[in-house]
Structures are given as structure tokens and as C-alpha cells.
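*Asks:* First to last, the sequence lines map onto chains A and B.
Under our numbering, read the first sequence as residues 1 to 433, first letter to last.
Under our numbering, read the second sequence as residues 1 to 191, first letter to last.
FYI, nobody ran anything at the bench for these hints, they're computed from the structure.
Be careful, since some hints might not be right.
[Stated by the list, open to error] Rough simulated footprint, nothing fancy, chain A against chain B, three-plus residues with beta-carbon under 8 Å:
no., stretch
1, 21–30
2, 136–147
3, 153–166
[As the list claims (entries may be wrong)] Straight-line C-alpha distance at most 20 Å; calculated DMTMM-like pairs for lysine to aspartate or glutamate:
no., chain 1, residue 1, chain 2, residue 2
4, A, LYS243, B, ASP178
5, B, LYS16, A, ASP238
6, A, LYS126, B, ASP138
[Claimed, not checked] Across the chosen pairs, the derived CB separations fall in these ranges:
no., chain 1, residue 1, chain 2, residue 2, range
7, A, VAL342, B, ALA82, 49 to 59 Å
8, A, PHE398, B, ALA82, 53 to 63 Å
9, B, ALA83, A, ASP332, 43 to 53 Å
Glycine included, every Cβ here is placed at the ideal spot set by N, Cα and C.
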Amino acid sequence: MTPGRHALGLLGIFCAAMLAHAARADETCLSPFMPKITGQEDYVYVYTLGVAGLGDGNDKLVTLGANPNRPGYGKVVSQVSMPGRHEAHHGDFTDDRRFLWLGGLDTSEIFVFDVATNPGKPKLAKRISNFVAKSGGVVGPHTFYALPGRMLITGLSNAKDGGGKTGMVEYSNAGEFIRTIWMPTGAEYGYDARVKPDLNRMLTSSFTGKKNYMRPLGDLMGDAEAMKKFGNTMVVWDFHARKPLQTLAVPGAPLEIRFALDPRHYYAFTSSALTGRLWGIFRKDDGSFEAVDLAPIGDPAKPPLPVDISLSSDDKFLFVDSFVDGTVRVFDVSDPRKPVVVHEKKIGAQVNMVSQSWDGKRVYFSSSLLSNWDKSGADDEQFVKAFSWDGKTLEPLFAVDFKAEKLGRPHIMRFGQEGFWAGTSSPTVGEGE
Amino acid sequence: MTLALALLLALFQAPKPGTYELPPIAQVQERELVDASGARVGFPGLAPGQVAVVAFIYRGCHEATGCPASLALLRELDRRVAADPARAARVRLACVSFDPKSDTPARMAELRDLMAPQSDWRFLVPDGRKALANVLRDFGQDVVELEGGAKRHVMKVYLVDDSLRVRNVYAAGFLDADLVLADIDTLAPPH
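Chain A on its own, in the form it takes in the complex (with noise of 0.2 Å):
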């Protein structure tokens, strides 16, 4: 092997003595860029809807207590409030995993916070309020994946329309655009992206724009039209030079991207939403790419709104959660044209995300998916709860409801650990010129 030649790949990312919690791949989904816990998290970041009404009833970086060893184990440990609502989305760390990049989808409002001072207690240390105008138009900044020294934001829409005609935006982890990159013709939806940097190759999903994820469900599910105007694409790029190289048809609104994390595995899986099927996407012996439908999700009679995946860190478990019947079902993916159902549980009334730790013990469900799209009355559960999964079932660690704590409605979730970033010193902070 050539000295300095790739295939450090998913090993060293930090020097000095962080392998020691930060080695391999990710904590489930993270860029490859970034380093990881390992270990026990002792926070979960959790980016919250506002609700009017409830408590302040603005947006909120709540972070929860995740370390049954330390204080404030499944209780809210700090909270921080964003002034207004801003449909509070994703978002995720730089690749130092310094700072955290929360966007809303709404507004297109991002919101940047310092997670490495005091990861107990983040703090607001950057507001960006011109994407839309630096980005040329895009609009609903969702994924946000780091890349080393900057960060790529995916958009769900666009200023003109209102559609779902969008791109991909580049910022530099000081806060500063860079570039945008827009979807290609014919695959001009957009939704997640993922990279796989030994093959130089990104995948990118697709779903719908502005006008339809602000809708509220029930209107928008009647309206024929309308239900037209989801993506039906996923994108092969080159990585490096961000040019497209093939559009795959994955029919019903594909969403969340997740790359098998082994180096000699060259897939990954993606839901539909609207059809409620598992997808994979393999590299062909060509090199180029083939999505193939894998398996239904649930009642193939009732599809369940499938939202987000999760692959556990050795590729063999695939959690993947339906928001119609609040259920997560985990499918057994070690041949990944065969998956197989192997578990599954109701996690509420409804469940959008689900976050797993890398060693595969500890998962995360958030209720919420959209403020338009959650269920109402008494089903309009808000939590997150934690589990334990000893590759067989899941069973209860604890649970916040978002609605007695008067927080809102969670959506992502992020890992923390405190001493992540402790050291006797920092040359980067308050010295220089």
C-alpha cells in the first residue's frame, strides 16, 4: 500500500488521544469526515418544533441527560430558545464536531451553536439569515453533513416557486457560502445526501417542496395534484467534482440515505415515503449504480409513512421508522438484497426519528415530523423515549414528553459527550491578534 494513500478511510480521524472514545464510522449516520463517540454518549441534542402556547413557544436546542452515571439521566439537563419558529428541522455537527448547524425549514433561518465549550450546555454562537439570498434561491435548508472545512446543506425547495426545484449549498465552517449546486434536470427534488468517499461517489433522495411540507397532511393527502409533485429520483454523483453521473427511479419520495459502513460494502438503503418500501442501492461490477426493491414496509395495503433508518455500525441491523402507526420495525440486513423483519415495536401514537448509538446498545426515537403534518388530539404524542437493543428486542431506558415539559416537537437528535473537547488549553479561543 502507498504511504498517505486513502483507506484511512473510517480509522483515524483524530490524532492524539482521541481513539480512545472517536474511532470508526458512525454513531449511526454521521459524515465520515467527523470524528465519533464510541462510548457512552452523555447528552442527547434534540432540535425542537416551537408550539404556540407551550412554554415560550419558540424553537429550542433541548439536550437531554443520557449518561445513567451522571446527573440529570433522562431529564432535561439545559435548553436553549430560538427566538420564533422556524419549522425546526435537521441539522448536524462541523467536522471537528465543534460547532452544531440546526436549520429550519420554514424560514431558512440556521442557527449555529457551540457544543464543545460546554457540552452540557450549548450555546448560540452564529445566526444565518441570508441562506436563501447567498444560495440563489434555495429554500428549507434539511441535510446538513460535513464535509472537511465546510458544510453541505441540502435544500428541499426553492424561492421562485415554492416547489420542490432545489439544491445543494456549500458554506465553510466559518459561516461563509461558498457555492450552490443545483439538482440536475429530471432529478430536481431534492432531500438527503451521503457521501462514500472511497468510491468518490454521493447519493442524493428526493421529496417535495415548500408548498406541499408546509401544507397540512390531510389537505395536501386530497389533493391529487399536488401528490404529483413528490420526487421519484435518486442521484449518483462524483463526489469530488459535484457533477451528476445518473439519475436511479425510486418511486414514492425516497428520504433518508444511509451508506453501509463496512469499506468492502458498496450500498446503502433509502425508504420511500409514499410507498412504503425498503430500497437499496448497489454499485454495479461497472461501477455504475442499480436501485432495487427490496421489501415492503409493513402492509403493503396501508403504507405507514416510513421516515427514518438507522444501520447499526457492523451493517447488520436496519431500524426503520413509520410515523403512520408510530412503529419502528428492524430488519435483519446482513444479505442486503434480503432483508428480514426481526423485530418490530410500536413506539407511540406516532415516531419520525431514530438515533442509535455506534456500539448498538442505546436507540432514540423522536415523535414529531413536520408541525403540519403531526397527528392531532390525543394522538399527538411528543417524546423522546430511549431503549435498549440487545439484538433482539427493544426494551424501555426512559422517556421525556416534550408536551408536560413544555418544550414542543422533537425531531433530530445528536450525541454528546462531555470531555469530548476537554484540554488544559485551547490555542484557537481568545488569543492571537
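Mind docking chain B on chain A? Use the hints.
*Replies:* Leaving out everything else, chain B in the frame of chain A:
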């Protein structure tokens, strides 16, 4: 070489130089650092048409996939750049120490002798913590000093153009000499 690594090497192909864009990511400043002979020199100190490949390292790093890996990348680049005189005139390599307290110019000279550079490869150290903080801030390179002197940081390698703009960043998630050379030839194409 394992079968898995052999397959990876076979699957990856760097893009053709000049067929893609590398938009600026950050603006750095010209700084004064100390070289391995103890002389104060401009950093990056590029002439028009030159690019620099910059890695932050420290000699006390013993994590094989950390600083030694970025040094290995620079060493491979050094040999391949030196083998092409036209390209060699357009490329400067630089490793800058995180540890001005321990990595004296004499220690950096030892490292230089170990690496035995064949191209324009500089071994630099900031003159104190303030100078270190300035250059780290320019590049957005994180570091935390731990008890015992270890420097915790995400390993990154930077490509800088002659207008002092960072044009790409390479991290441990993917280090590849072919890719860096393609980027070099994209920014500073051979005539």
C-alpha cells in the same frame, strides 16, 4: 495489502484535472514563521502561479493515523512532485508544528532530515502561542492541549493558492495523493 484495501485502491479514481471547480473555502494571511534553520520566513510565501499543501503536525504525535499519516501523504507528494520538474516549480509543501514549545527549529530539522525532501518542502514552527493561534485561526484548524502535552485535533491537510485562498481540505476520512495532485494541476495547470 489486504484484499479489502486492494479493492478500494482499484475502485477509486481521481477525477481528471481541470474538469471541475475548487471554489475558495477560506482566506488566510501571510504570516511569519520560523524554519528548520531558525530563520524567519514568510508563510505560505508563494510566488505567482504556485500552490501550497499545508499540514499541521507535531513531533510528539504517536497516533499512526494522525500526524504520521499526514506526513506520509506529504512525503509521497514530495517524491511525485519532485519527479516532475514542471510541476515541482508550482508546488510548495509545508508542515507547521502545533507545538512551538517542544518542536524547536532543531527538532524540525531532525524531522526534515528524516523525511529527506526532494522538492520544496518546508518544516516550520510558529514563534510562540500567539503566532500559533493566528495561523490556526486562519486555517480554521482546531486543537486542544491535553494533560501531558498531547494535542487533540482533527487531522486536516490544506491546499492553498497564490492568492492565499484555501481551495480544498483533505481529512482522515480520505487522504489520497492522486486526488491532491489532480487538485494541484487543476489550480496550477502545467503549461
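*Asks:* Is the listed coverage of the stretch 136–147 of chain B by chain A valid when you require three or more residues with a beta carbon under 8 Å from a beta carbon of that chain?
*Replies:* holds (count 10)
*Asks:* Determine whether the Cβ-Cβ distance between B/ALA83 and A/ASP332 falls within the hinted range of 43 to 53 Å.
*Replies:* This hint holds: roughly 50 Å between Cβ atoms.
*Asks:* With a cut-off of 20 Å on the C-alpha distance, tell me whether A/LYS126 and B/ASP138 pass.
*Replies:* holds, 18 Å
*Asks:* Do the alpha carbons of B/LYS16 and A/ASP238 lie within 20 Å of each other, as the hint requires?
*Replies:* holds, 11 Å
*Asks:* Given the hint of 53 to 63 Å, is the C-beta distance from A/PHE398 to B/ALA82 inside that range or not?
*Replies:* holds, 60 Å
*Asks:* State whether the coverage of the stretch 21–30 of chain B by chain A holds or is violated, taking the criterion as 3 or more residues with Cβ-Cβ distances under 8 Å.
*Replies:* holds (count 5)
*Asks:* Given the hint of 49 to 59 Å, is the C-beta distance from A/VAL342 to B/ALA82 inside that range or not?
*Replies:* 56 Å Cβ-Cβ, so the 49 to 59 Å window holds.
*Asks:* At least three residues with a C-beta closer than 8 Å to a C-beta of chain A: is that true for the stretch 153–166 of chain B?
*Replies:* holds (count 6)
*Asks:* Please work out if A/LYS243 and B/ASP178 have their alpha carbons no farther apart than 20 Å.
*Replies:* holds, 19 Å
Comparing the model with each earlier hint shows no violations; every hint is respected.
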